[in-house]
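J.: Listed below are the residues making up each chain.
Protein chains: 2
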Amino acid sequence: MSDQAATDTPGLPLPLSGQTRLYAILGDPIAQVGSPRLFNTAFRRRGAQAVLVPFHVAPEELPAIVAAFRAGLNFDGLVVTVPHKIAIAGLVDELGSMARRVGAVNVIRKDGTGRLIGDNFDGVGFVYGLRKRGHSLAGKRVLIIGAGGAGCAVSHAILDEKPAALRIFDTDEDRLGGLIGGLRAFAGGIAVESGPPDPVGFDVVVNCTSIGMKTSDPYPIRIDDLKASTLVVDIILKPAVTPLLEEAARRECAVHAGVHMLEGQVEAVCDFFGITA
Amino acid sequence: MSDQAATDTPGLPLPLSGQTRLYAILGDPIAQVGSPRLFNTAFRRRGAQAVLVPFHVAPEELPAIVAAFRAGLNFDGLVVTVPHKIAIAGLVDELGSMARRVGAVNVIRKDGTGRLIGDNFDGVGFVYGLRKRGHSLAGKRVLIIGAGGAGCAVSHAILDEKPAALRIFDTDEDRLGGLIGGLRAFAGGIAVESGPPDPVGFDVVVNCTSIGMKTSDPYPIRIDDLKASTLVVDIILKPAVTPLLEEAARRECAVHAGVHMLEGQVEAVCDFFGITA
Chain D
1 MSDQAATDTP GLPLPLSGQT RLYAILGDPI AQVGSPRLFN TAFRRRGAQA
51 VLVPFHVAPE ELPAIVAAFR AGLNFDGLVV TVPHKIAIAG LVDELGSMAR
101 RVGAVNVIRK DGTGRLIGDN FDGVGFVYGL RKRGHSLAGK RVLIIGAGGA
151 GCAVSHAILD EKPAALRIFD TDEDRLGGLI GGLRAFAGGI AVESGPPDPV
201 GFDVVVNCTS IGMKTSDPYP IRIDDLKAST LVVDIILKPA VTPLLEEAAR
251 RECAVHAGVH MLEGQVEAVC DFFGITA
Chain P
278 MSDQAATDTP GLPLPLSGQT RLYAILGDPI AQVGSPRLFN TAFRRRGAQA
328 VLVPFHVAPE ELPAIVAAFR AGLNFDGLVV TVPHKIAIAG LVDELGSMAR
378 RVGAVNVIRK DGTGRLIGDN FDGVGFVYGL RKRGHSLAGK RVLIIGAGGA
428 GCAVSHAILD EKPAALRIFD TDEDRLGGLI GGLRAFAGGI AVESGPPDPV
478 GFDVVVNCTS IGMKTSDPYP IRIDDLKAST LVVDIILKPA VTPLLEEAAR
528 RECAVHAGVH MLEGQVEAVC DFFGITA
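Residue numbers (my numbering), protein chains in the order written: chain D, 1 to 277; chain P, 278 to 554.
Excised from the complex, chain D in its bound form:
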């Protein structure tokens, strides 16, 4: 019948009532985010009386939103995206181990007493998304563009996959230095260095910046040096095919779009939220 048939519609939660539990994704901009579609589908599949809504908030208003999250007695969790992932880490009460390691938060839940627990599933989701598409990072040379919240999360998770080497590029030297230092604390024998956005000699290139959300953006790497043997990865969700991915495909590179990183973490984040199947 109709209600059962609707299960197949992406983005559809169970029918709402006064007992529906509330989740939100915070971002600026917000229209491009895939979380409402993916999480509401997952909530419904798990039979949860819950909904995840998009919440468009400017950086300066983040404390007001976190205050409302604390005050909302049926408001159980947040997903956090660009540009709030770093700033919001300072507004929660406790950080999980991956969030502490990367200094960025992309999920927040409440514990039994209402304290806010932040953690980061971006890196886990990124690696899981690659694995699901058959890509292994072990023994590979990896170039990461961007040392912000996503760049941190992705590079720490990649490090745990035992690549041969990691290079990070960022125009912000302080941020870059901080990340390199943090990575080296967990690197074992793996070479971690900073360097230019030059893909020569790398097996995998990952764009962890927002460069490519607009079609007028430049390429985030030195595109002229890109070889077909390099796997090109973008974490941008919208457009699904960024100028970087489009040009990489034209050069016959394997490509991997941003949606896989998000899809890779939905089930793990549902578990984190305590929404059981």
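The hints are simulated quantities; they were obtained by calculation from the structure and are not laboratory data. Quick caveat, the model's predicted, so the values are computed rather than measured. Heads up, some of the hints might be wrong.
Some chain D residues close to chain P (C-beta under 10 Å, calculated; not the full set) [as the list claims (entries may be wrong)]: (1) T9; (2) G27; (3) L73; (4) I190.
We treat Cβ as the ideally placed atom computed from N, Cα and C, and that holds for glycine.
Given chain D, put chain P in place with the hints provided.
T.: Okay, now just chain P, sitting in the frame of chain D:
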């Protein structure tokens, strides 16, 4: 097909995405509210990429929620219920005419510049709900229990229906006196008085308090004097049949449940929100 078939399921919005516009109902408690079911059905019927979620908030946290409402750039409207309808009137930027008249707000929208416009559709919804069930108030003697936000809204709207007389009961003498004074300013020749919760001589009795949400509550009127010729109305949504309505039906009175008041205003509030069919 599946998506179209789902239209018939109460409480189901269109599938959510990053472009979904956000609405919320504020209340304490919240689990009993009917608005998420009714408004999401209406939003979907109107083809609106919008969702209305329940938001459980304690009175002392109301300013924090209004701040988050102002900050949410895709957060377009609020429905407000017990016990916040009076307090929230002081937190908006402008009141519509009915909200000014009753001193209570049950809906808030943003204007083009982000200013918050509060108004009150409770009374309009109440009268419309009665009319839809065939009940006229013209020339009737009406007893209203409760001079709070809902009692104000309902009595002002009833007054505009030209009853023969209105009596209001409330245990709070100040609140009662304020309402009586306000009603008399709009009464013309209609007798408006305060008095005991005694149904003798009244054609219609309306419970506008929350007495009856718990089965252990006393009756809000002197139940022993209730005659079968009196129409008994309750505005409580949950339970749908309050102890008052149950006892009134047992005494063979006509009864009218709270849901009709809410159903009566959904379409008008969608228009107020700018969600066109």
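J.: For every hint, state whether the structure bears it out.
T.: Going through the hints against the structure:
no. : hint : in the structure
1   : T9   : 5 Å, holds
2   : G27  : 8 Å, holds
3   : L73  : 4 Å, holds
4   : I190 : 36 Å, violated
Hint compliance for this structure: hint 4 is the single one not met.
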